[in-house]
Structure formats: structure tokens, C-alpha cells
Amino acid sequence: MSPVAVWYWTTRAAIGWLVILVVELIWLLADPRAAVWLGVGLGATLVVAAAHLVVMPRWRYRVHRWEVTPVAVYTQAGWFHQERRIAPISRIQTVDSERGPIEQIFGLMNVTANTASAAGPLRISGLDREAAQQLVDQLTASTQQTQGDAT
Amino acid sequence: MASRYYGAEWRRLNARMLILLPVQEVLRSLPLLLGLLVAGSSSGSGPEWSLIGAALAIGAGTLRWFTTTYRITSDQVQVRRGLLRRRTLTVLRDRIRTVDVTAHALHRVLGLARVSIGTGRSDRRDGGGLKLDGLSVQEAAQIRDVLLSKPAADTAAVAVDAGTADVELIRWHPAWIAYGPFTLSGIVTVLVAAGFGYRILSAANLNPTRFGPIHALLHDVGRTSPVLVVLTIVALTVVVTIVFSTVGYVLAFWNFRLTRQASGTLHVSRGLVTTRAVTIDENRLRGIEFSEPLLLRAVGGARCIAIATGLRVGRGAERGGSMLLPPAPRMVAVAVAAAILGDAGPIRTQLIGHGPVARRRRYNRVLLVMVPLLTVLLVAWWLGGLPAWPWQVGLAALAAGLPLAADRFHSLGHAVVAGRLVTRSGSLARRRGVLSADGIIGWNLGQSFFQRRSQLVTLTATTAAGRQAYEVQDVGVAEAVRVAELLRPGLLAAFFEEPRPAPTRETAGQL
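In order, the protein sequences belong to chains W and V.
Under the working numbering, think of the first position of the first sequence as 1, with each following residue one higher.
Under the working numbering, think of the first position of the second sequence as 1, with each following residue one higher.
Excised from the complex, chain V in its bound form (with noise of 0.2 Å):
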């Protein structure tokens, strides 16, 4: 049941972080350590140096548990922790936008799991948040309840509203695991891989060409043909991206679960081996994005994202906590967007296209730094010194760009649907976002030379949700002051001293 009261004495953190702590702080210091190991064997006595820093690393984990404390107020959340330098970190419980339980592989051993507090502190790296890391399952659960629920008139409102059923918005299923692969989040990981193996070999001041197979391999490369070998190395990288890509998918996302609450609040739960519970109060949400990466969109799949005050988009440890559903067929991601938003019209609105400026403006974008480029590169070519696969890249380059930039134009669009600002851009990585008015903190009107001269402008809404700010790319000025005057009104048409007449739906943007 949540109550908003918790009992305000210190706490511990579970006691069966004892076990947990001192092997996270081993795991931690582990490159250390095998460079005391790698450093040290070179004048013999290696493993007892990596030994007494595994020592040092378990009396340190163990230190944590006994000096790191908590507790909940009845308005704020703090902690206290460090041993020569203690500090007390507080949050206000009213700043309190989001709480995040996530448990790894070894607290879900233990039954442990973690709690993350995030505030609305956008401008902070760490989100002004703070995390209480090892508590039991059902105490986790316990403090989110508590710290989520409002500050009720009477506490017998609130036992009724925990009374009643949470609504299942969408579940998780196993067939979206073909859309794993065209996520290319593999390539991350297998960037990542690349750079730690490369760090170890170079740390252990191995050379792997001198390894039997790898030299044996190295050897019959050298006599095949170049082309073999670049299409060869394509079609690995490619194998391996999407196996790690649908394995990504299978490990955040398995067992996807998204509900609302009773409580107003919109609770995301998913993963395989560590799992993650998001919890997004409503009266944070300010709208959603809806995103379709080409690859994505290609196949007919999109996600969505939370456009959430205190959320933002892709940072620190909030990080992957604004999503709402994961790559998914697209009907689905539309029927989820509607049923947050409680409109499906924001989503499935034909948008207002930007007109043949804007189109002109996303070729010239391409032509305008891969011709002048490509000549150069010919010119180097033609002149001698340079070969002949630059200005060739290039050239493909510039065929690559010319569909792309016909998308991008093709992706601009805007709209104002019930009180919301539609706006949609991009092509790797289109996006469209669904912003409140409400949400809306402000103008940004940007015009770069050429702009001016065509009397195009970018109109940017400034929240203090998600991404910050959403733009509408190159529209007309009379365009943009009627969009923004539907939304905020009387805010931005005071500031221009001529007031245009509204053009009306058929010729906006196409001045």
C-alpha cells in the first residue's frame, strides 16, 4: 500500500550487500588489476601486487556498506556515505520526477536490486539525483511506491487508488525480436569490444600477428585480392552487428512491460539479466516522441520515447529510461503512442509539408560539401599523388546523399493537433515529436543568411522535458508565427511588428 510515510530513522542498505559490494569493487578495479598483474610480472612479483589490491578493493566494498546510510523524510530523501570525506546528499522529495529500480545478474542472486532517483535537473550530468544501491526486492519496490505517491489530503484516498487494477497498455512479444537486428545497436557493442580487446592486447604488449593462426591468416590475405578481402571484412562486420544487435535487443527488452498505474504513473518494466523497472509520474509527461530509423522504418517497425520533465533523452544514468516501447512492429508503436497520449491524432495526422525551399536547402546540404570536396579529391587525383579510391568513395558518397537528402525533405512536417506540437524531421533518424502545449517554455526563432534570404525560418520549442527543444525546419515566418501563436497564444506575434494574415492549412509552408 503507498503511504507517503516511510519512518525517518538512518538506514542500512541490505545486509546481503556485504557479499555484493566487495566483488562490484573487485569487478570495478579489474583493468587495474590485470595491469598490476601485466606490470608486475616483469620484475616477478605480479600476482602478489594484484592480490593486494584485490584486498584493498574487498576492504573498500566492505567499507561502503558500513558507512553509507539513509533515510526518508517526510520531504526529503538522503544519504550518507564516505568515510574520510562524509557527505550528505539530499533531494527534495517534491523534485522527485522518476524512481528506477534496476537489478543486475548478481543482485538478482541475491534478490537485491537498485534504486535510482532522478529530480528535474536537466542541466546536471548526473541529473541532481541519487542512488540507493542494494536493497531487497520488495523494499525497492516499497520506496518507489512511496516516494511516487502524491502527497494525498487524506490517506484513505490513496488506499483506494492503490486498490485498483493497473491497465496493461502494451506486453512484450517474442516475434519483435526480428526487429533486433535492424537496431544496430550491435555496432556499439561491437565497437566497444574491439576497443577493450585492443587496450588488453596493448596493456599485455601482446602483438597478435604473431600468433600462429592470425599470422597464418595474415599471410594467405596477402595473396588474395584486395576486393575479397574489403568484401569479406563487410560481410563479418555485418554478420556480427546483427547477432549482437538481436542478442542487445533480447537482453534490455525481454519480458517488455508497460502499464499505467492507478496512481497516475506510467510503469515500464523489461530485461533478461538485469531488469529495469521505469517509473514516469504522468504529470511529468509533456508528450512522446515517435522515432523511425531508417533501417528500422524499413521494415516497418518504430519506438517510442517519453517526452518527460526531468527525463532526458539518452544521458548518464537515466539513460534508456525515457523509453516506452522498444523496436516494434509499427501499428503497435502507433496504438501504444495513442493510448499515452489518449489521441491517436497526433501520430496519425497527415503533417504539413515544408515546401520546395526546404527541399532546395536539404540538396544544397549534401551538394554544397560533397562537390566541392569531390573536385578537390579529383583534382588531387588527376594532378598525380592521390589514388584513385578517395574521389571514388566520394562519388559514392555523393549517390548515398542525394536519396537521403530527398528523405530528408520528405520527413519534414509539422502540425498542431489538440494543443500539441507535431514536428518531424530527419531521415537516419526520423523523429517525430509529440509536444504539449503546456510543455512549451519558449521560442527559438533561428534564420542563418540563406534562410533569411528565402524567409524561411526554424522555429524551436524550448521544454524542459526530453530533448529540450523540438524544431520545425525551415518554414515560412507567417507560418511560424501562426503555429506558435495556436499553441502559446500571444506570446511570439507581439514581438513582430507587422502581424501577417494566417495563411490558411493548403498554403502553409509553401512560401
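Isolated chain W, as found in the complex (with noise of 0.2 Å):
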């Protein structure tokens, strides 16, 4: 995973809050009665953003993990509820990467890698561009070199 993730991540969420601290500075000055309270909300408001700016990327990197054997994938996520996933490369039936506009800033990637269960996508998110096409023509071969549909 690229160290750039943290600072998407970051961003992200930093966009996330802004939002929030908009609205109430809006509400701060279209009523100006309840100041104080709406004060004393903006702070809090800022103290937590802060805190989750600052903590959540660092423990999110920490706590993602993947790897690819060749013949097995796996993938590691989740804070409080940690949730392992691992799929033999011989039942993968699709490999999707995707980017969104703030990661392709980033040049960051999200590669999936799909059975035929609904129950068990792998999702490794916050690759650099390079390392997801590699892995996606990685998966991509080993997955073509199975017969069968993989069910």
C-alpha cells in the first residue's frame, strides 16, 4: 500500500469536515442569539476533526494490509471490527480497479478482486498506480489460466 494513501485519506476526510464546519459557521452568522452555544459546538467541532485528521489515516494504513501468493489472495481491514479475507487466485472470476477524482490526484488505485460469491469481494484500496496495474495483470493471468466457472 503507497504511503500517499494517508494523505487521500486525510483529504478526504478533511473534506468531509469542512463541509460540517461550513454549515455551522452559516448558522453562526445567519443567528447571531445563539452564538455562544453554536461557539462552543464549533470548537468541539474542531477539536474532534483535528483528532480524526491526525489519527484515522496513520491506524488505517497500520491496519490494512494485503498480500498476493501465488496462490491465494488476501486482505486484512477494519479497526474495531478487523475483517480477514482470503480467496484462492483459482476461484477470482473478475479483477476491477477503480479511481475516484480525489484519488486520481493522488495517482492512487483501488483494485477488486471478485468470486463468485456475493459474500467475499477483496478490496485493496490505496495503491499507486503502477503497483495496482501490476497486480491487476498479476491476478488477471493466474485467474485466466483456471478452467471453469470458478464456482
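Simulated from the structure, these hints should not be mistaken for lab results.
If you're wondering where the values come from, they're calculated on a predicted model, not measured in any experiment.
Backbone N, C-alpha and C define an ideal beta-carbon position, used for all residues, glycine too.
Any given hint might turn out to be false.
[Stated by the list, open to error] Which bits of chain W does chain V cover? Going by a derived footprint, with three or more residues having C-beta under 8 Å, they are:
| # | segment |
| --- | --- |
| 1 | 71-83 |
| 2 | 86-95 |
| 3 | 115-129 |
Since each chain sits alone in its own frame, please combine them into the complex, following the hints.
Printed below as a string of C-alpha cells:
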């Protein structure tokens, strides 16, 4: 996983917090009578936002893990509820890669390996573009070698 | 005789559908026609409008016959339909998993049947399949045989196969109707009926309380004690539910028959008014779900559901298509499951329990929700404002929740029997899933914060069949790895840094 992902997650979370702050500011300007309470709320939001922006991306970077061996794909994610997923390469049906607009700026990409089960897509997020493309090629190549419909 | 070729020319639906399609279209637009009648009656021209609507519906139905054609080539099934927006739906024959032949009452009067072709696309809501609504019964059966026959190397082999007799695994017994009331399927019917009635009343702008007898009834109710009223309503609901459940059971499962056909398929046929025949390719069968809902279990009943790829449990058009045995005596269910699996072990075997922490977690689920809620309700009642009945109901729910938690723990269990994962959980809907190792296409290991602290893990076997995921809840990490290794060696252990010694059967799950 690319270390740039930390900054991508920070940016994405910051945008979310910015929206909340703007709403609060507008409210503050529109309704001066409740200024004290709104001021306190604004301060609290700032503190929580700062803590979230510092802790969340680094924590997420630490708990997100993935590995691809010749036989299987393995992913790990989650902070409080940890989920580890393993799928044999022979059972992978499709490999998707996608990137959102912000991820584009940071040069990041997500790779998702889908099996025939609705319960088990393996998602690897925050890869840099070359690594992602390489992974997609590698997975596609090994998936094509298997016969049958992987159910 | 099952041959793989059916002739590749475009065909139309059966001509008798010219009678049925307009009727179906009118029935489908009945709510709209009723709405038109009611809405139009205020302007005094309600009947005219709904007549125009009915004429349109009949026209649309007739048109549908002329615009729908289908063909079955050597490698695909195609349906073309639509007048302005011509659509061609194509299903590759390799991908066909199930062929479902249903005939409702109108179909049966005309000797017709509907063929639903299901594919393995479990991620789509419509299953990615297609329907041929309206073929003669013979044609439908013929198409089913054609589509499900294997691409045989030589046709002679097929001919021999088709000649062998089918083996009947189980046939319906009228005594099974006794299990009908315990299926609770009637509740859904009652709710749907109530909802529909309410919508008609509100659409027609009627107020039932102004209606003489109901008005008198409500007037009387106002004077009797509320306890009596509640008891009467409960008793009425119970009786109505029992009646509807039993009727529903008879309608759905009358004349039920499960056969294993020589071509390697399981064949289910059932139904009183609407008959339904489902054929499941045994190559697609990955296991069996043996389910014992609480009420059914109390009277010694159980049912069986197929875990097959392309048959997603309880979904859309294929809803109920995976049923292998309706609620029946437990002994019968065990025998049927054993006959299908070819081994009674997975159903009969003593499961490995999940240890004291799993038990505590079942109780915590109840206590962590109910105790805070009860406290809030009690405080609110104490400080005034809230009436007493919310906390009384809460207390009753807590009292009911504790035995439920005990039963949920009692249900927990897993085993690996002859290359199959057996896992059981649930109380209100206790299910024992039997999933063969080759049906498992991956593992998910989920650990909540609390599970991590007590070294437990929920192991989920993902699969393309049935419920898509079968869980072994709250087992020790080492036991989870052991189970996974037994079923698919070398997959899970490779990702665990420190291999732990495999526990013996006695200590398994006691972590």
C-alpha cells in the first residue's frame, strides 16, 4: 500500500469535516442569538476533526494489509471490527480496478478481486497506480489459467 | 427423450396464450383500473375511464403475444420481445443452472405452463435468467429436458440414460399438513391482506368506522376492559394465522414429490392450484441446509433447502426454488438429507460446541440491549410522563430474551464430516448448513473488538451457492484455522504467522 494513501484519506476526511464546519459557520452568522452555543459546537467540531484527521489515516494505514501469493489473495481491514479475507486465485472470477476523482489527484487506485460469492469481494485500496496495474495484470493472468466457472 | 437439439428457428409462445395474456394484463392493472373507477366517479365518468383502461390492457396483452418470440440454438436461448423497444435477451446454455416450470390456475385450465430459466448470476436481482410465459405443458417439459441434458459426446449415451427409471426420494404425506400451522407463513399473508384492504379503503375514501356493524362493535369495545380487548385481538390473530398458514401449506406443498432423475438432477414438483416443478442439477449442488425454526422444532419438524449455485435462498423469481422438503417430521427430513448427500453423517453427527465465552456473548447480546433500554423506560416512568406499560413490555422481552440466548448458544456448533463443513446456529430460525469443501471459494475471518479480547473469531465460508456465506460463530482462532485447513488445506494457515498446534477434538472450541 502506498504511503500517499495516508494523505489521500486525510484529504477526503478533511473535505467531509469542511462541509460540516461551513454549515456551522453559516448558521452562526445567520443566528447571532445562539452564538455562544454554536461557538462551543464549532470549537468541539474543530477538536474532534483535528483528532480524526491525525489518527484515522495513520491507523487505517496500519490495519490495512494485503498479500498476493501464487495460490491466494489475502486482505485485512477494519479498526474495531477486523475482517480478514482469503480467496484462492483459482476461484477469482473478475478483477476490477477503479479510482475516484480525489484518488486520481494522488495517483492512487483500488483493486477489487471478485469471487462467485456475493459475500466475498476482496478490496485492496490505496495502491499507487503502477503497483495496482501490475497487480491487476498478475491476477488476471493467473485467473485465466484456471478452467471452469470458479464456483 | 432428451436430446440436446431443439431446432434453432424462432418460435412463438403457445397460441392459447392469446386468451391468457390479455386476462393477465387486466389482472395486473386491476389496482389502476379500480383507482380510475374511484377517481373518475367524482366526475361522473368512472366506468368509461376504466373501460378504456381495460381495453388498453387487453390490447397490450394481445400485442405481447405477437411481439414475443424465442429460440433455442445449440449454445444459447434467446427471447425477443417489445414493440417499440425491441429487446433480445440471451442466455448461454452452459450457464443454465435451473429450469423451473410453474403453472398457476389459469395456466392449468388452458394446459399451459411457464418456464423460468435460471443462471448462476447470484449478484443480479433477476438472476440474469429469462422466462418463457406460456408454452404447452408438453413443450415446457420437453424444453426442460433439452436444456438440462448434458452436452453428451454421443447421443446414444443420452438415450440410454433417459431410459432408466427415476428414483423417488420422498413423496408427500397428508399427515404433514399438521406442521402447516407452525410455519407461520400465514403471518405474511395476513399482513399483505391487511395492507391491501387498507389501501383499497383509503383509495376509495371509505371510513370503516361509519359502517353500521363495525361502528357498533367499536362502540362496544370502548366499554369493555382493555385487557379483554388485547386478549381477543391476540386470539383472533393466532387463529387467523393458523388458518392462513395451513391453507398456505396445502396450496404450496400439496402433492409434493422429490425424485432423483437418471440425468443427474433433483426434481421437485408440488402445488395444489399453482403447480411448480423445479429441477436442480446435482453438479450444482454444494450441500444442504437443514432448518428447524423454533416453532417447528417444538413439534418435531424440520425442512430441507438445497445449497446450489445459481439458487440464491429466498430471492426474487427463484424464491422457494431451492426448497427440497417442506416442513415435515424431523426423521423424514434427516432421511431425505442423507439420501441427497449420500451420507447421514453431516446431519446426525454430534457437533463441536463453542465454549463458555460464546455462551456469555449470547447473553451479552440480550443484556446489553435490554438493560439500558429498560433503565431508560423505568426512569422515564419514575419521573413521570411515560405510562407503565413500556417498561413492563421491556421486562417481558428481557424475560423472553434470556431463554432465547440459552437456546442460541445451545444451537451453536460445527464439525467437519467427510470433507463437508457442518455449521449450526440460530434459535428462532435454527439452521444447520452442510457445505462441501469444493463449494467453498474463500474464507472471511471477522473479529470484533470484544472477540479479539477473548481470542475468538467468526469464520465465514464464502460460496457461490445458497446463502453465499456460511458462518461458524465465535470459535477459537486455532480451531478456526484447524477447520479451514481440514477443508481447504494450505490456504488459511499460510497467512498466520505462528502456526499453533491443532487442538484435539475434545478441547476444540473451549478456548
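Inset, instruction - Check whether three or more residues of the segment 115-129 of chain W sit with their beta carbon closer than 8 Å to a beta carbon of chain V. - result: holds (count 7)
Inset, instruction - Between the segment 86-95 of chain W and chain V, see if three or more residues pass the 8 Å beta-carbon test, and mark the coverage as holds or violated. - result: holds (count 4)
Inset, instruction - Tell me if chain V covers the segment 71-83 of chain W under the three-residue, 8 Å CB rule, please? - result: Answer holds; 7 residues pass the 8 Å Cβ test.
Violation of the numbered hints given earlier is absent; every hint is satisfied by the structure.
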